[in-house]
Amino acid sequence: MNGTYFLSLLIFSPLLGMILLAFVPKTQERTVKLLGFLSTLPPLLLSLFAFWQYLRGYRLEHLAEKHDWVRFTDFPFLTESTYLVRYELNIDGFSLVMIVLTSLLTTLAAAASIHIKKEWKGYFQLFLLLEIGMLGVFAAGNMILFFIFLEMTLVPMFFLVGKWGGFDRERAAYSYLLYNGLGSAILLIVILVLFARTGTSNLELLNEMLHNPVAQAQLIAPLSEELRLWLFVALFIAFGIKLPIVPFHRWMLRVHVEAPPSIVMLHAGVLLKIGAYGLIRFGIGLFPDQFRHFAFWIAVLGVINLLYGAFLAFVQEEFKMVLAYSSVSHMGIILIGLGALNEAGIQGAIFQAVSHGLIAAFLFLLVSILYERTSTTTIDRLGGLAKVMPLTAGCLLAGAMASLGLPGMSGFISEFTAFLGLFQTKPVVAAIGTLGIIMTAVYMLRAVLNMTFGPSMRNDVQALDMSTIEAIPVFILLVLIVSVGVYPYMLAKPLQAAIEMMMNGLGG
Amino acid sequence: MSGEYLAFLALALVAITGGVLMLNLTKVVHMVIALVFTFISIAGLYVLLSAEFVAVVQVLIYSGAVTIMMLFGIMLTRHQEEEGEKTTTGGFWRKALTAIAVFAFGIAVYLGVYRLDFGEEGARLHENNTEQIGMALYSHYTIPFEIASVILLVALVGAIILAKKDDEGAPKS
Amino acid sequence: MSSVSLSVYLVLALILFCIGLYGALTKRNTVIVLICIELMLNAVNINLVAFAKYGAHPGITGQIFALFTITVAAAEAAVGLAALMALYRNRKTVHIDEIDSLKH
Amino acid sequence: MMEIAWIVPLFPLFSFFFLLAVGKKMKETSAYVGILMTLLSFLLSLAVLFDRLGGSTYKAEHVWLTIGSVKLTAGFAVTALNAWMLVVVSLVSFLVHIYSKGYMHGDERFSVFYAYLGLFTFAMLGLVLSPNLLQTYVFWELVGLGSFLLIGFYFYKEEAKAAAKKAFIMTRIGDVGFFIGMILLFWQVGSFAYDDIFRAAEDGTLSQTMVTLTAILIFIGAVGKSGQFPLHTWLPDAMEGPTPVSALIHAATMVAAGVYLVAALFPLYEASETAMLTVAVVGGFTALFAATIGLVQTDIKRVLAYSTVSQLGYMMLALGSGSYVAGIFHLTTHAFFKALLFLAAGSVIHAVHTQDIEKMGGLWRKMPLTGPLFLIGTLAISGVPLFSGFFSKDEILVAAWTHGHVALFWIAVVTAFFTAFYMFRLFFLVFGGEKRHDEKDVHEAPAVMTLPMIVLAVLAVAAGYVHTPWFGTFLGDWLTDGAYAHETAPGWIMAVATAVSLLGIFLAWLMYGKRSLARDWLSSRVPYTYSLLWNKYYIDELYMRTVGYAATAISLLLSYIDRFVVEGIARLIAATVHTSASLGSRMQNGQVQMYGAVTFVGLALLVVILAFTGGYL
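Chains as they are written, first to last, in the UniProt record's numbering: chain L, 1 to 508; chain F, 1 to 173; chain A, 1 to 104; chain P, 1 to 617.
Isolated chain L (complex conformation) (with noise of 0.2 Å):
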C-alpha cells in the first residue's frame, strides 16, 4: 500500500457517494437508501485494509500527507513554517482503532437506517458528510485541521437530529448545538492560544515546543505555567462537553431520546468518542504535567460520572434515557482510566472508548428494530417482550450483560483495565467507584427485565422478530463485542505502541 494519498482517499471516500446520490431521485426510497449503504462500505474497507495491513507490521508514519494549506503573514522574522497551517493527515495506533471504529459503526448505522421514514435523500448525504467528518478528526495531524473536522460533524448532526429526529427533535438540535458550539468556542480559545503563541499548530511540532527547553526558546511569547493550567481547563471543558461530563450532560440526553436510533448509534458509538479522543490526544498530549496536577479530581470526575449516571439511570421510566444515563455513566470511566495516569488506565480508557461504541451502537440497534415495531421505549408499556421477541430480547439481555461489564464481552474488560489502573494510583477512589459496578447491574437488569421479562404487557401488538436483514449488523457487533471480551490482546496490541508513547509524555 503505497499511501500518499491514502488517508485522504479514505476520509473523503464517502464524498463519492453525496455526489451519486444527488443524481438519484429523492422519490426512489429503495434506490436511496442501498446507495447510502453502499456509500459507507468504500471508507470501511479502507480502514479494515489499513487495520490488516498494520497488524502485519505496516508502520502508519508513511501514511502521513503533509500539504501547505493557509499561511498567515509573512513577516521577514519569522522562519518558513511559523503560522503556517498546512492540511496534514496522519495516524497511529489508536486513531486507527477509533477511525475503524467509525467506519464499521457507520457501516451498521447505515444498514440501521431502513427505518428512516422520509426524505432519505437528504438523511444519507447529510449522514455521509458526517461520517466524512468523524473520519477526519481522527486524522487530523493539526490542531486546526482537528477543529475544522469537529465542526463539520456538528453542522449535519443538528440537521440530523433537527429534522428526522422525535417528538422533540428541535429542542434537541438546538440544545446539542449550542453545548457542543459552547464546547467548539473554548477549544477554538485554545488552539488559537496555542497557534499564535507558538506559531504551528501541528500536534508533534506543538509537543516539541511545549516541553523541549530547546525548542521553548523559539516560541514567539512565553507560555507561563500558570497559562497552560488554563489551557487545560480549558480544553478538558471543551472536551468534557463533549464527552459528556456531569453538569454538562444535559444535551446528550435529549440528543440520545429524541435522534432517530440510527443516528444515537453513531452518537453514543463515535461523537462522545471524540471527547475521549480530544482528552487523551491533546490533554495527556500536550499537558502532561497539568493532567498529572488534575489528575486526582478527573479520577473523582469520573466517579462522580460513574455513580451519578448510574443513579440516574434506576429512576428513569424510558428505555433511551437509561440508556443515555448509562452512557453518562459509563464516561465516567473513561474519566476514571485516565485519572488513573498509568498504563493500565489509559488503556482502560481508550478501552472503553471503544467498547462503548460497540455496545451503545448495539443497544441502539436494539431500540431502533424495538421502536419500529412496538412505537414506544417506555419501560412500563413494554414486558414479556422475551415471548413475542426471544431473539431482540435475548440481544437486548447480551447488550444489559455487555454494558454491566460481564466478563467474556468488551465492556468487562475496559471496566477491569481502567479500575485496575486507578487501584494502583488511587485506592480509595477506586473502591467508592466500583460501587458503580453494583449499581450498572442493578438499573440494567431492572430496565431490561422488566422490558423482556414478566407477563407479556403487550397483547395488541403484532410484534415480529427482528428480520434476517436486520439481524446482520446486529450479530456483527454482538460478534465483536464478545470478541473483544474474549481476546482483548487484539485490541490492545495495535493500541500498544500510542500508549507508550503517550507514556514516554507523562514522563514514564
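All clues given are correct.
If you want a taste of the chain F side facing chain A, the calculated C-beta under 7 Å gives, among others:
#	residue
1	Glu4
2	Ala12
3	Leu35
4	Ile61
5	Ile74
6	Gln132
7	Leu152
8	Ala159
Because the hints were derived from the structure by calculation, they are not lab data.
Backbone N, C-alpha and C fix where the C-beta goes; we use that ideal spot for every residue, glycine too.
Knowing the structure of chain L, use the given hints to seat chains F, A and P on it.
For chains F, A and P alone, kept in the frame of chain L given last:
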C-alpha cells in the same frame, strides 16, 4: 507659594466651578453662562502658560462668538420647560454607569499624567509671542492655515444651507 | 523650576474633559451637549498649550495647534448649531433623547 | 491427558452455541446433544483425574492481554483440587442433563434450557480449571450469568424475574469485593496467578494487613456466591428456577464455588489469622442461622435451599478452622446428596404439581423409588453413621474442635441437630402420613429421571468412604500431597454428632411422623419465634427498607438535582444570554447619546484594562 501658583489655583478653581455649575444648573441659559466662566479662566491659564495670543483668541472666540451663538441657538428654539422636568437623559443606571466609566477613565489617565514632567521649560515663549506665532503660521504652517480657512468657508456655507428654511415648493423627499 | 508643573495643568485639563464628557453623554438639551463638546475641546487645548511650554520639545507649535483646534471647533459649533436648527424645525424639540431616527 | 484438560469445558460450550443456533428445530432431541457433550466432558475429566492421581500439577498459559509491560495470561492448571472438582462438576452436570430430559419434557423452550445448562457447565468447568484469579473472576461471573438465565427461565413469571434479578445483583455485590481484592492483590504481587500470590503471602511481600484485607475482600465474593450471611437472601429465591437447575447450580456446583474459591486461595487465608476467623465465624453463624429458618419453611425447595445455605456455612466453617480437606470433602459429599435431594424433590413436584409440603403427604407408597432415594439423601445430610454426610460432617466437627473454636464447635453441633430435625420433618411431611394433595394420578417419575437419582444415591452413600478415619484418608492425603495431618480426634465427637442427629430425627418423628407431640409445641411457648423464622428474620424486608429505599431515595434526589439544578443552571445561563441580548438590543434605541455612552464605556474599559494589566490578561 508663588504668585503664579496662586493665580493658577484661582483660575483652576473658577474653571472647575464653572464646569460643575454647568452640570448642575437647571436653566439652559444659566448653564451657558456658567461655562463662560470656565472659558475665561482657561484664557487666563493660557496667559500663565505664556500664550497671550491664544488667550486672546480664546476670549474672542469662546467667550464671545461661540457663547453668543449658543445663546442664539437657545433663543431660536423653544425652551419653556416645566418646572422639575429633567435636564438629563437616560435612567439612573445609565448615568451611574457613564459616571463610573468617566471616573475610571479619569483615574486611568490621571495615573498616566500625574507625575509627568519633562523638566524642560520653553523660557522664550512669552517674548514676542504673537510674532512667533505669525512667523510659524505663515512660514511653516501655511498649507494647514489655508486649509483651515477652507474649512471655515465650508462650515459657513454648510451652516447656512442647513439653517435655511426649506423651500416651500421643494419636492418632499 | 516653576512651582506650577506640567502635570497640574494636565490634571486640570483632565477634570474639565471629564466634566465635558459626562455632560455630553448625559445632558438632555442638544445645545448643552454641543457646548459640552466645546468644553472637551478646550480641555484638549489646555494640554496643547501646556505641552508647548513644558513638553519634551517646548516651542510655538503647540500654540499653533491650539489655534487650529479653536478654528475647527468654531466651525464645528456653527455647523452643529445649524444642524440643530434644522432638526428643531422638523421635530419641534431640542431634547436629544427624542431624536432617535438612527434607530430606523 | 492433562495437557488437553482445556477441552473439557469446550464440550458444553459447543452444546450452548449449537443449541442456540439450531436447537429450535431439534426440539427435544437437543437433550441428546447436551447429554452427549457433558458425558464427553465427564469422561475426559475422569481421565484427567486418573492422570493427575499419579502425576503432578500441570499448567499452561497464553498471553491474554498486555498492559504496558505487564502480561496477563489465560490458561489452565490441573492441580489435585482442580481435577477433583472437575469430576464432581461434570458428573453432577451430566446426571442433571439426563434428569432434565424427563423433567423438562414438554416445555416449549426445551432446547434453550439445554443451551443454558451447557453455558453454565462450561463456565463452571472453566472456573475450576482457572490458574489465576482474573480468569477465576471471569468464569465466576459467567457462572453467575448461567445461574441468572436459568433462574429466570420461566421469564413470564413475575417471581422468576425478581429472583433472577436479585440473584444477579446480590452476587454482584459480593463480586465487587472479589474484584477489589483481586486488583489490590495484583498491585501488591504483580500477578494474578495463584502460585505468585501464595509465594508473596509466604515470603512476606504482602504485609499482614494486606493479606487480611484482600483475603476478606475476596471472601466477600465467596459470601455472595455461596449464599452466606448477609448475602444469602438470593439463594432461597433462586428456587424459582426449574428444579434440575436448583440441583445443579444452587446446590451442587455454583454455590460451592465460594467454598472452592476460599479453598483455592487457602494459603492466602492461612497467612492471616483474622481472615480465617472471619471465614469460620461467618460460616458457623450462617450454618445455624439458615438451619433455624429451614425449620419452619413449607416450600419443599426452600427448605432444601436453606439447608444448602446452612451446609455451605458448614464448609466455610471447616475452611475457617483450617481444615482444607474437610471443606472440600463436605463440598463433594454435599454435592452428591444435595443434588439427590433436589432431584428427588423435583420428582415429587413433577408428580404432585405443588411445592407446598403441607399439601403433600403419603407419597411413600405412590412413589416407590423416589421415596427411598429421598430417604437416603436425608440420612446422608443428617449425618447418620455410614452415610457420606456423617464422615464429612464429623471431619468438620473435629476440625473446629481441634482448632480451638469451642463456641463454633457447639454451634456446629446444634446445627447438626437442627439439620436432622428439619430434614426429617420434610421427609415425614412429604412421604409419611395422609395424602393431603388433590392430584389424582400420582405416578413415579420416568426412568430417565430416576436413573440419575440412583447414581447419586449410590454416591451419597459411597462418597464418604474416600476419606474416613476408619478406612483411610485417601482424599486428604491426595489433596495435600501426602502432607495431611492425621489429627487424633477425641472419640466422643463422633458420638455426640451421631447422638444429636438421631435426636433430631427422633424429635421430627415425634412431631411429624407419630404426631404425639404438637407441632406448635415450641412456638406456642415462645411467641414470635415462629413468625420471626417464617419471615426469615425479616432480612429481605430489612434490605428493602434500608438499601433499597436508600438507593431509590438517592436516585430520586439526584434526578431532581439533575432536572432542576443542573438543568436550572443551564437555563439560567441561557436566560442570562437572552437577557443580555435583549439588553443589547435595547441599547440600539437610536439615541446618539446612548451610542456615545456605550462606546465610551467600552473605551474606558479597554483603557482601564490596558492601564492596569499592560495588555496581557
